[in-house]
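Participant: One-letter residues, chain by chain:
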Amino acid sequence: MNEPVVRISGLHKKFGDNHVLRGIDLDVGRGEVVCIIGPSGSGKSTLLRCVNMLETPTGGTVRVLDHELTDPDCDIDRARTRIGMVFQSFNLFPHMSVLDNICVAQRKVLKRSAEDSAARARQLLARVGLSEKEAAYPAQLSGGQQQRVAIARALAMDPAVMLFDEATSALDPELVGEVLGVMRALADEGMTMLVVTHEMGFAANVASRVVFMDGGVVVESGPPAEVLGNPREERTRRFLASVRNH
Amino acid sequence: MALTRRQRARAFRYGVYATSVAAVVAVALFVDWGKLSGALFQWDLVTEQFPEILTRAARNTLIFTVFGFIGGLGMGLLFALMRLSSVRPYRWFAATYIEIFRGIPLLVTLLLLGFGIPIATGWRWPNPYLQGVVPLSLVASAYMAETIRAGIEAVPRGQMEAARSLGMGYPRAMATIIIPQAFRIIVPPLTNELVLLIKDTSLISVLGVTDATKDLARFGRDGVNSSANATPLIVAGLVYLAMTLPLTQLVAWMERRTKAASR
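Those protein sequence lines, which keep their order, are chains L and E. Start counting the first sequence at 762; every next residue gets the next number (my numbering). Start counting the second sequence at 292; every next residue gets the next number (my numbering).
Just chain L, with the same shape it has in the complex (with noise of 0.2 Å):
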């Protein structure tokens, strides 16, 4: 197996007396499609918020590339720039257009042309299906369009692994196909990902891996046709059993 991209490893998380993360351990690797499913309250945005450091874990490491983010002398705004996120709520920069909003990192932190960032931001645009919306404010586009702005602004960095922390939780359902189409191409380009989600047919159909979460650790994980089709937990299957009978 090649060099992972993420690895997470006896990772612990308490929020004061709350503890959230009760050692994770978990590699992705290149190209790797890591679904992490489970009840809420079980940590897995925690964990994602981890990977890039919006948390601090009170215990264990966390590697993306050869950068060690939970080392203290690690430039931590550089790394970030190879880990794109996305968020629930989308956090589009409401102030600026949709082309500045793809743009604003790529010159301020990469240090782009003015050129240069405005042609890739197009290129991304374009590749969300989004192109006629570059001069729009986040407040004229629908949910489904607003995520697939952050989508193309994350991607804007060339980030090495893309976090997506529920991203489709927020959206109308007849808008969540289109996000999931988007992620599931950039799955089929071969980006690394690390996915939480309530989306089962995603992860069945799309991850290389499915994680089980629940109380702060890795319940289960595997293969998407095991851990969903044939789990061998039974918190597993409860889980799975609830999720389905709605």
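These aren't lab readings, by the way, just hints derived from the structure by calculation. Since we're looking at a predicted model, the values are computed, not measured. Errors might be hidden in some of the hints.
What follows is a list of derived Cβ distance ranges for each label pair [what the hints assert, rightly or not]:
#  : chain 1 : residue 1 : chain 2 : residue 2 : range
1  : E       : A551      : L       : R945      : 36 to 42 Å
2  : L       : R1005     : E       : A543      : 42 to 48 Å
3  : L       : Y898      : E       : R382      : 31 to 37 Å
4  : E       : P471      : L       : G983      : 44 to 50 Å
5  : E       : L353      : L       : D877      : 43 to 49 Å
6  : L       : E764      : E       : R547      : 56 to 62 Å
7  : L       : E950      : E       : I391      : 56 to 62 Å
8  : L       : D778      : E       : P380      : 25 to 31 Å
9  : E       : W544      : L       : R945      : 47 to 53 Å
10 : E       : A551      : L       : A896      : 54 to 60 Å
Think of the CB as a built atom: it goes at the ideal place given N, C-alpha and C, for glycine as much as any other residue.
We have chain L; now place chain E onto it with these hints.
Facilitator: Structure of chain E alone, referenced to chain L:
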């Protein structure tokens, strides 16, 4: 005869109207209008105020206001950022500063800095404008710091997270993502503070000002002294209104617009 509830309410309302009209008529009848207008609004004294009240007094009021506002905004932004800093001494310093300068009347600050420090140290203000602008900025910055802090805190947390996740450092994320959005939110309260500042400049007149640095209030007061008539102060008040009314109307318009937009 029993009245219905609605009839009683109507009768009460007519009673209030009738009493108000009677009061206005009584005032109109008993007041000596000739004497009153002679003392408050004598036309030749009105024209006498011009053009100096605009070219000198209003100009000075504007100078104090503009520089007081710029100084207050700059320092206010600094104190707001210190208040939100993760460095504890910065937070303490800013919080203490804000409490002190919001808790002391501007008049006392003006007197302390304008007279107290020169008397105590022998140091002299190099410029009579600075003597007014510096205390005004110090006090204004304490109020503005709280307004700006509220604006920054009103920007959703996800904005900072998105900016940081793109590799922006905290200062850059603040400058390009958070503060522009915060200022959009606080334009109406900031404009209100500008209006307060325009009026507060009148307190600067307690410092011994030279003829050249007289502001509107001092100009009006000196006019009253020399003419033994209140007209100059009335005119000064009208000039203040000419500055403040457009601003308060602007705030009202902005608030109506945001209300309509959020509907």
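Participant: Could you work out which earlier hints the structure fails to respect and list their numbers in ascending sequence?
Facilitator: 2 and 10
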